[in-house]
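Participant: Sequence:
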Amino acid sequence: MKGLRVLELSEALNVDSADLLAVCAILKIRATSRLSMLSFEECKKITDYYENKN
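Anchor point for the sequence shown: position 29 equals 1452 in our numbering, and the numbering is continuous, going up by one each time.
I should point out that these hints are in silico values taken from the structure, not numbers from a laboratory.
There could be a bad hint or two in this list.
What the hints assert, rightly or not - Computed list of lysine-lysine pairs in DSS-like fashion (alpha-carbon distance at most 30 Å, straight line):
hint: 1; residue 1: 1451; residue 2: 1425
hint: 2; residue 1: 1468; residue 2: 1451
hint: 3; residue 1: 1425; residue 2: 1468
hint: 4; residue 1: 1451; residue 2: 1476
hint: 5; residue 1: 1425; residue 2: 1467
hint: 6; residue 1: 1467; residue 2: 1451
hint: 7; residue 1: 1425; residue 2: 1476
Please construct the entire structure, taking both the sequences and the accompanying hints into account.
Facilitator: If you want it as structure tokens, here you go:
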């Protein structure tokens, strides 16, 4: 498996997919829609961002 879709990760993190796409832009991760695939490394970066934000 390559990773997760933006939609799947947003559900796992309990955040809106639009918010997650905004975080992708901040982290310079290429994701253009809720169906974009994210690698496990990108998922880790996004998860770390949300954990450090709180």
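Participant: It remains to establish, for every hint, whether it holds in the given structure.
Facilitator: Comparing the hints with the structure gives:
{"no.": "1", "hint": "1451 with 1425", "verdict": "holds (19 Å)"}
{"no.": "2", "hint": "1468 with 1451", "verdict": "holds (11 Å)"}
{"no.": "3", "hint": "1425 with 1468", "verdict": "holds (16 Å)"}
{"no.": "4", "hint": "1451 with 1476", "verdict": "holds (17 Å)"}
{"no.": "5", "hint": "1425 with 1467", "verdict": "holds (13 Å)"}
{"no.": "6", "hint": "1467 with 1451", "verdict": "holds (14 Å)"}
{"no.": "7", "hint": "1425 with 1476", "verdict": "holds (26 Å)"}
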